[in-house]
Amino acid sequence: MRQSSEPCPQRSALSDIQNVVGLTVTTGVNARKDKGMAERLQRRERHNTMERDRRRRIRTCCDELNTLVPFCNIETDKATTLHWTTAFLKYIRETRGDSLKQEFQDTFYGKMGPGIKVGHPFNPTPMYGEGACQSCGPPGDQI
Numbered sequence: 011m012r013q014s015s016e017p018c019p020q021r022s023a024l025s026d027i028q029n030v031v032g033l034t035v036t037t038g039v040n041a042r043k044d045k046g047m048a049e050r051l052q053r054r055e056r057h058n059t060m061e062r063d064r065r066r067r068i069r070t071c072c073d074e075l076n077t078l079v080p081f082c083n084i085e086t087d088k089a090t091t092l093h094w095t096t097a098f099l100k101y102i103r104e105t106r107g108d109s110l111k112q113e114f115q116d117t118f119y120g121k122m123g124p125g126i127k128v129g130h131p132f133n134p135t136p137m138y139g140e141g142a143c144q145s146c147g148p149p150g151d152q153i
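The sequence shown maps to residues 11 to 153 in this note's numbering.
None of these hints come from the bench; they were simulated from the model. No experiment lies behind these values; they were computed from the predicted model shown. Hints may be right or wrong, so weigh each one.
Claimed, not checked - DSSO-like mimics (lysine-lysine), calculated; alpha carbons at most 27 Å apart, straight line: (1) Lys111 / Lys100; (2) Lys100 / Lys88; (3) Lys111 / Lys88.
Required output: the full structure, derived from the provided sequences and hints.
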């Protein structure tokens with residue numbers, strides 16, 4: 011047995027052991043702080059997931075617009091796609107009038123009106139009508 015007053019070189023000091031992260035037991039106020047932090051992290055992750063989904067829907071719809079709108083192709087950026095889409099829709103309104111807008115509303119919204127969501131935003135069924143954006147449904151519902 012060792013009788014020396016010198017510390018054993020293989021053992022750590024007690025103060026070093028207590029300061030190691032993850033080995034201490036949290037109780038009382040610290041446990042509540044840890045729970046609050048976990049809730050904040052979950053809330054942040056949920057927000058990040060929703061934002062990724064929103065951006066994916068925007069990207070998908072812009073890609074679809076690129077195939078439908080003149081002067082756009084797969085390489086067209088979102089701002090240019092929206093610019094040409096706006097110009098194209100204005101042209102349609104000028105040449106066809108508002109009757110086409112009313113026909114579109116009747117077809118896609120029916121008797122429900124534009125304020126009511128028709129279905130789940132990711133439901134790619136033809137419930138939105140022929141030619142609708144398959145990833146986000148009727149315009150104004152999601153984005």
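Right, here's what the structure says about each hint:
A distance of roughly 11 Å separates the Cα atoms of Lys111 and Lys100; the hinted pair therefore holds under the 27 Å criterion. With a C-alpha separation of about 18 Å, the suggested pair Lys100 and Lys88 falls inside the 27 Å cut-off, and the hint holds. For the hint linking Lys111 to Lys88, the alpha-carbon distance of about 24 Å falls within 27 Å, and the restraint holds.
In summary, this structure violates none of the numbered hints.
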